[in-house]
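S.K.: The lines below spell out each chain.
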Amino acid sequence: MLATVLAQVNPNGDDLFVAQNITFGVVATVMLVSAWRVVTTKNVVHAALYLVIVLAGVAAQFILLGAEFIGVTQVLVYIGAVIVLFLFGVMLTRAKLGDDETVVRERRFMAASVGVLLFGVMAWAVIDDYRDTHVDISVPSTTALVSDSIFSQYLIPFEVVSVLLLAALIGAIVVARKD
Amino acid sequence: MNALLLANETAASAGWMLRNAWIIPLIPALSFVLILLVGKRTPGKGHWIGLVAVSASFVMASVVGVQWIQHVNDAHREGAGEHALSAGGVLTAEGEGAVAAEGAEARTPTAPVTNSVTWFENEGTKVEVGTLVDGLSAMMLVVVTIISLLVHVYSTDYVHGDRRYTHYFAFLSLFTASMLTLVIAQNTLMLLCAWELVGVCSFALIGHWWEEKPNSDAALKAFLTNRVGDMGLIIGVSILYFAAGKSFDIVRINEMANSGEIRHLLLLVAACCLTAAVMSKSGQFILHTWLPDAMAGPTPVSALIHAATMVVAGVFMVARLYSVFFHGFTIPGSSINLLAIIGAVTLLGGALLAFVQNDIKKVLAYSTISQLGYMVMALGVGAWTAAVFHLFTHAFFKACLFLGAGSVSHACHHSFDMKTGMGGLRKIMPKTFWTFVVATAALAGVFPLAGFWSKDEILVGTGGWSNTHGNGTYYAMLIMGMVGAALTAAYMTRVIYLTFFGEYRGHGHPHESGPRITVPLIILAAFAVVAGWTNLPAGFLSGSERTPKGWQLRFEHYVEPVGRYFPSIAHGAPSWTLAIVSSAIALSGAGAAYAYYAKVARRSRDERRALTELPDGITTWSRPAKSFHTLLVNKYYLDHLYNDVIVAGIKGPIARAAYWFNQKAIDGTVNAVAKGSVIGGKLLYTYFDQLVVDGAVNASGAFSNGAGEELRSIQTGKVQQYAALLFGGATIIAGVFLIFLTT
Amino acid sequence: MLLNEFLLLAAALFCIGVYGVLARRNAVLVLMSVELILNAVNINFVAFGAFNKTVAGEVFGLFVITVAAAEVGVGLAMVLLLYRNRKSIDLTEVDLMKG
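Here the protein sequences come in this chain order: E, A and Z.
All residue numbers for the first sequence refer to my numbering, where the first residue is 1 and numbers rise by one.
All residue numbers for the second sequence refer to my numbering, where the first residue is 1 and numbers rise by one.
All residue numbers for the third sequence refer to my numbering, where the first residue is 1 and numbers rise by one.
Careful: at least some of the hints might be erroneous.
[To be verified] List of simulated lysine to aspartate or glutamate pairs, EDC-like, C-alpha gap at most 16 Å: (1) Lys-427/A <-> Glu-503/A; (2) Lys-246/A <-> Glu-261/A; (3) Lys-718/A <-> Asp-95/Z; (4) Lys-718/A <-> Asp-90/Z.
In short, the hints are calculated from the structure, not lab data.
Every value quoted in this text rests on a predicted model; they were computed, and no experiment measured them.
Isolated chain E, as found in the complex (with noise of 0.2 Å):
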């Protein structure tokens, strides 16, 4: 059923082609409506677990673009640590599970016109500069690849972020600490 459609859509046979095509537009729409629903249910706790679905989605798309490396890192540092932490800090911070929003319509107003605005611009940007450019995905960035590249030629911004995470830590832990 699927590949008569598929065959009538990509009349080549290009199979691989139009899979991809379809695994995107897919994943880009749920990807599109749990972020919307990030940024607009009430609940907190709910809104963390569709951002568990726009990460997840995230790292589709890595995959889908041959970078198997760092979709692997996507699901494990913010799918399994990051969120875990916003499930904390949700707890932490005693915010009510339900309904918290409380409207404010101007304030809505304003934010999804800067939005709006800004997607725009970047659209057109995006859209003038790379009308049809496709992307050749055949070739996967191998995890050997990439591990040649960090410890060779980005060595030091490597070295530079691990002091960043370890500021971070020490900074996190200044901070948050009853004293």
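Keeping the supplied structure of chain E fixed, place chains A and Z upon it in accordance with the hints.
M.R.: Chains A and Z alone, transformed into the frame defined by chain E:
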């Protein structure tokens, strides 16, 4: 005994211990970890771990010393046959007076023993980690370990029962490890790391009793002041790294600087940057202010870190990278340069400050600054060996003085104030007294104690005296050095007089300290006597200037590097007249101080007033003297300069500008315009046509007022509104760019 | 596949994130929106990396993830501090800088 056996076995090659010197810092480093982990649970709260580790390091450092001596001897034995060839091949023609003053002692190159592994390699840059052992390193290893060992022993009594006893010994171990790493560092990167590590240890130990605000302030001050200089070190090391073709290797950098492969301008800039590092770490004028405050730490720490070892790290670094400084500052043939000036100014400035301090440790701290000034000055005038020799002798007698001061304070209920807490301790504490006197005599340069020889050598090295043939003719440095010698003798006499003579002015009953305090004192005093004999000048007692014999110039022979990685410096010829004149000056300084205090003592007896209540002689009737005294008491106002002028000058205007912008530029201006308009309008009203002008003024006032209210409404204090403005503004700017770029 | 697909997705995600940052009152939700923004940037990095056939995009994406983790840590610590001091994490109530 063991050391000798081991040395004999491996003498064939470079000596096992020379190649494996990395073990020496490793042991105290392990001890640091061990004390932190299990120290509190062991009997004695962990001090024995540190003691054992430092003892082991000391033994090994001694082995390194012995093996290095053999290494040099071997090199000379092998070099004897091909002497002419090697000397000709290595020395460049710019020896100038060197050959004449050097004498028949063959300048056979003695290669430093290096041993390194690759730390990391990246895009053609290879960073190694390893050891570089030569005479300088071996000497420093021995000095650091021996003083560290004695300080450990002393500390077991001195800080006994302290609330952070274990922590204290852990940091002593870490300090020893980092200092040992510093002296055997094979590359500048390691040097930098160890340099920072000793800074951290210094910070931790100055703030050992951090519950009291002045102590933690002092620790912070030391740390921050050192940061200033460390920036210089980092920049200097970076410059040298690129100048030497992407290499941190100390030997390579020195060789390239020596052979002229690095441009002179680069060397000069690098040397200036490194000088900033020396100024902060070795307490040189004007970054010396942290060192007296550092006396807030426990006294043994002051002895180990802030007198004998860490503060000489700067001097060591200059000695290590001497080719850079030698060629960068064009030391030979000159009569003035940055390093020499800084050293000489510090030498005098520190010595003068020592006169107005009542805290015995602060006097010693300023004395240390002054003596470090001697070393830096000596390096500045090209007297490398004299500087390093002075470092060597100074370490012993200054450690002895500090530990002696600690012993006195230990007896006087932890008071350090000479005028209110001490006096008359000569009879009560004979061991402390005599060791203190010996160390003082050594510091003042009394013949034949250690300080005499090293100070004399520095004065000779300035080349200012007739027929001494230094690297240049530094008359100013010679004079300042001599004045410094007199001042040193005078302020040390003052210390001894106030501390040990007269009546006891403190409370309680002082008592002599226990053996764990006095034995290190006696050992150090013994060193303060004999250390100078390791480098008797050529021609002293026997032999001639061309044929040193026996004890003559042994230090120079074994410590001073000979080879391509060290510039060929000239050695001054010793001068009897100079030695006699400088001794006479020093003794006259001491005599003047003694005479002054004898007079004060007599007056205090006659007038039946306490010694310290008497007005300070000359300052009471001479206005210039009085103002000079005030200047000294305020430490040349340097702290005021840093805190009130520089910090406030930077902090104040920025804060004020921001405040002004908030208050005035946004609300204020507009409101002020409105108000001003209204007032102006009212004035005009009385003189001009009421209807026309009044109406216009009121309108403009209302307009300004309204504009102010409008602008004010943007300042809601709500973060998200600011963010919305930010995003919106950025988007609009991006859109404008886009339009201009695409059309 | 078109490069534009990814870029437009990222742009949309970014703008939704911006909307969240500007409109939300709960500080934790604002931080979540910041995560959306960072992820949008990451999609751009990786897409351009794939487009230019270099791993640089991926490497910098990894750096962004690291920075984001640090940001969340410090951000939540600040939110906790805010909560402790004011018993509320409503950003509209924090207006000490009001002019």
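S.K.: Hey, Lys-718/A versus Asp-95/Z, does the alpha-carbon distance stay inside 16 Å?
M.R.: Between Lys-718/A and Asp-95/Z the Cα gap is close to 5 Å, so the pair holds against 16 Å.
S.K.: Does Glu-261/A lie within 16 Å of Lys-246/A when you go C-alpha to C-alpha?
M.R.: holds (13 Å)
S.K.: Can you confirm whether the C-alpha distance between Lys-427/A and Glu-503/A stays at or below 16 Å?
M.R.: Status holds; Cα separation ~11 Å.
S.K.: Need the status of pair Lys-718/A, Asp-90/Z: alpha-carbon distance at most 16 Å?
M.R.: It holds: about 11 Å lies between the C-alpha atoms, which stays within 16 Å.
Checked against the numbered hints above, the structure violates none of them.
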